[in-house]
Amino acid sequence: MRRPRLLYVPFWATYLFLYAPIAVLVFMSFNSGDSPYSFEGFSLKWYGELAGNAEIRHGLVNTLVVALGSTILATVLGTLLAVGMARHSRSKLLDAVSVLPAVLPDLVLAIGLLVFYGMIKMTLGLHSVLLAHTVFGMAFVAAVVRTRLTHADTSLEEASRDLGAGPVTTFLRITLPQLTPGIAAGALLAFTLSVDEFVIAFFTAAPTEPTLPIVIYSMVRFGVTPEINALATLLLAVSFTVVIVAQRMTRLTESLS
Amino acid sequence: MLQITGVSRRFGDVTALADVSLEIRQGEFFALLGPSGCGKTTLLRILAGFESPDSGAVTLDGEDLLGRPAHRRPVNLMFQSYALFPHMTVAKNVAYGLEREKLPKAEVRSRVAEVLEKVGLTSMAGRRPQQLSGGQRQRVALARAIVKRPRLLLLDEPLSALDKKVRAEMQLELKRLQHEVGITFVVVTHDQEEAMSLADRIAVFSAGQVEQVDAPVALYERPRTPFVAGFVGANNLFSGRACSVGLAADGLGVLPGSSDLPDGTPALLAVRPERLRLDGGQNGEGVLKGEVADVSFYGGVSHVSVTVPGRAEPVLAATQGATPIRAGARVSLSWAAGDGVLVPQ
Amino acid sequence: MTRSTVSGAAAASRSRRSRALGRLIFLGPGLTYLIVLLLIPLALVLSYTLFRRGRFGGVVYEATGENFTRLFDPLYLDVILSSLRLATIATVIALLVGYPTAYLIAMLPRKWKTVALVAIVLPFWTNFLVRIYAWIVLLSGPGLVNSTLGELGLGPFEFLYNQGTIVTGLVYSYLPLMVLPLYAAIEKLDPQLREASANLGARPARTFVSVTLPLTLPGVVTGCLFVFVPSFGNFIIPELLGGGRSIMVGNLIRDQFLKARDWPFGSTLALALIAVLIVLLLLQAWSARRA
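Protein chains in written order, with the numbering used here: chain H, 1 to 257; chain G, 1001 to 1345; chain B, 2001 to 2291.
Errors might be hidden in some of the hints.
To be verified - Pairs of lysine-lysine residues, derived as DSBU-like cross-links and limited to a Cα-Cα distance of at most 30 angstroms, are as follows: (1) Lys-1105(G) with Lys-1092(G); (2) Lys-1092(G) with Lys-1175(G); (3) Lys-1118(G) with Lys-1164(G); (4) Lys-1092(G) with Lys-1102(G); (5) Lys-1289(G) with Lys-1175(G); (6) Lys-1118(G) with Lys-1165(G); (7) Lys-121(H) with Lys-2259(B); (8) Lys-92(H) with Lys-2188(B); (9) Lys-1092(G) with Lys-2188(B).
Hints are computed from structural coordinates only; laboratory data are not their basis.
Construct the entire structure; sequences and hints are all you get.
The following block contains the structure:
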């Protein structure tokens, strides 16, 4: 059927709406002036300032530590859980609990963990954020791996058992390799979500160990500086690259399988 | 009644329709037959209004059809997938088109009831399409289209989604309905048996062009192009040049046939398997001699394939009932000159 | 005979044991983690709603219903209602913008479809705070929109710090979550159904109302849920774009925990938030079952 012409208006409006603020931000990051609002000439000065900002560096390192740690933990736990749910359980309740962290408002999970940490008298720090991020990271890994598992051919596992391999060998040699793309996608998702996560980190991080989003938040709250423009541009560049690479990779794995 | 004149349609590099002209008569059951990708579906979509031709004209009773949007054409289509609305009951599906005509509710109800009765689905009126069998769904699709009393009913591969038994039933049903309602039917199909059994006339399509338009018997017995000779029914085809008594075949000598082609015209000779006579032994005065390669029995008919020296493909002969001939036997093949049809190449 | 029965029973018990072992190995770690760091914390929050606040924060384990009566204090009720209103407006706008966009994407040629979809998702994968910050740069007093308008001799206007900006920020942040499920639903729709509708005499508008919309309703509901849920509990957007006052229930909850130190009441507000979301999820399940 023909595409109605009239639809192109909201269509382009949507993209303009989505990209105009981002474009402005990127443009202003190359401003030589001190105002974040009026462009006075091209310069990389704010990128230099950014590189010298110890607070941001500290936040970045913290974020990477949390993201990396929680991703590893979430990937292991999430994959095991996915296999367990797909092959060893038919519990609807378990299904519901496993997706709960993904659908629960982040604020609720954040206060829950804050209360819990308070009750067991755990001191806050990076570890408390790491443990918290693992909760939702695991839910996403489990969900992604599980869809892959339900599409996977169970007859391969049965063939392996039929040929004399035990359950552990079957899991390691047959199930796991089949799941690799799903696990990789889940891990990437968990990592990205952790890097970006603000609300839960805000509630569970120690004031002395802020993650990058917390640093950005306090900068934005206490005034606008062109340094954020530069930081934002860099973050955008990283996100865009990751998304595009991931897109290419999934297409590659899809065409391979 | 329906006049298609010089219709062409290209999709990028692909020519779907090349200068197609056809005339379809009032009350006729007409079939567009051809292999997939031959352009017949494109023509159907042009008639329904989902596609426009690059050039050409289509008129219905002298009125231009192409200028009207799809929803204002007195043409209804029965989709191959049936395209029944899954969120509506059978009755709602059938009523949908009538409601668009802003008919009074009572009339809509009585016409829906009438048409459901006609296709034998009165008891299913309250069901959803998902709760019906394939044959029943098709009846709903048919009812939904004919209830509008269109001038022209288009059917896209109407029997292809049905299993064999339901197919035979539906075939009869379609013919009966067409008689009853008196609407002109145009059916698109790739299945020649379907076309043969349903249609009054058939247009054979190949690569966007009409090869031949004829009644089924004429099409079967007098193919006019090599494509039709090869596509409609099984045929043994020999290539060569026309001569006074038939065909001077390449490497096989003169084969009997009837034609009005001038001598020397490059031509194909087509002989139906069931018109071939098989004689055992070497002594027969058959036209061709060869050895039986394979015999297969299809309940009622036996197919015998015979390898003939000088010809790459085996010659196929069909005989009634079981045959005593076994693989490896030497046989001779013959046919009456009237059964060999010459087609210019 | 007897022996084979015995060994059959042994095999059955062995396979039972191996199944139990499999469950332990695969389900054990993840389940334990979820119980300790998800279910227990949630249960704690739930239980706090029944207790009194401590004088210096914390909880006094003394049962009370006053947290719930406080919810209906106009001071708080207004905030809850205004959160509902803002989230609803944002959802409706996202739907009105998102539906035609998703519809057109679904009709694009294959190659452009992927490009258009990736372009919808891309901003969503960039840092949430950065995207909100971009709006501050655009809309603030000396910001770009005002300076452009100034050149034309207009303004300056106060764009920031009102409910309109909050809605803009919410729509901006969650629009991709509206477009994706809508796209999936529209894409799944058999185009022949639309053709059938036209063929039966329906005008394009009628086809949309009678065929396209009802059949894509599950996508509409999912999209609305995806926008409404994070909007309703949001506290960053109202804080950064709305001027820091407690306008939405998210701010209120945050303040109860980090400023007022009234954890029981904060928990009760969170429970109210979850209750609204559960009602919505039930609505969605109901609509999905109907479709």
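The hints, checked one at a time:
Among the hinted pairs, Lys-1105(G) with Lys-1092(G) is consistent with the structure: their alpha-carbon atoms are about 12 angstroms apart, no more than 30 angstroms. A hinted pair counts as satisfied when its Cα atoms are at most 30 angstroms apart, and Lys-1092(G) with Lys-1175(G) qualifies at roughly 25 angstroms. Taking the CA atoms of Lys-1118(G) and Lys-1164(G), the gap is about 23 angstroms. The hint holds against a cut of 30 angstroms. For a cut-off of 30 angstroms, the pair hint linking Lys-1092(G) to Lys-1102(G) stands: about 14 angstroms separates their Cα positions.
For the proposed pair Lys-1289(G) and Lys-1175(G), the alpha carbon gap of about 44 angstroms is over 30 angstroms, so the pair is violated. Taking the CA atoms of Lys-1118(G) and Lys-1165(G), the gap is about 21 angstroms. The hint holds against a cut of 30 angstroms. At roughly 20 angstroms between alpha-carbon atoms, Lys-121(H) and Lys-2259(B) fall within 30 angstroms of each other, so this suggested pair holds. The straight-line distance between the Cα atoms of Lys-92(H) and Lys-2188(B) is roughly 27 angstroms, inside the 30 angstroms bound, and the hint therefore holds.
This hinted pair checks out: Lys-1092(G) and Lys-2188(B) have alpha carbons roughly 22 angstroms apart, not beyond 30 angstroms.
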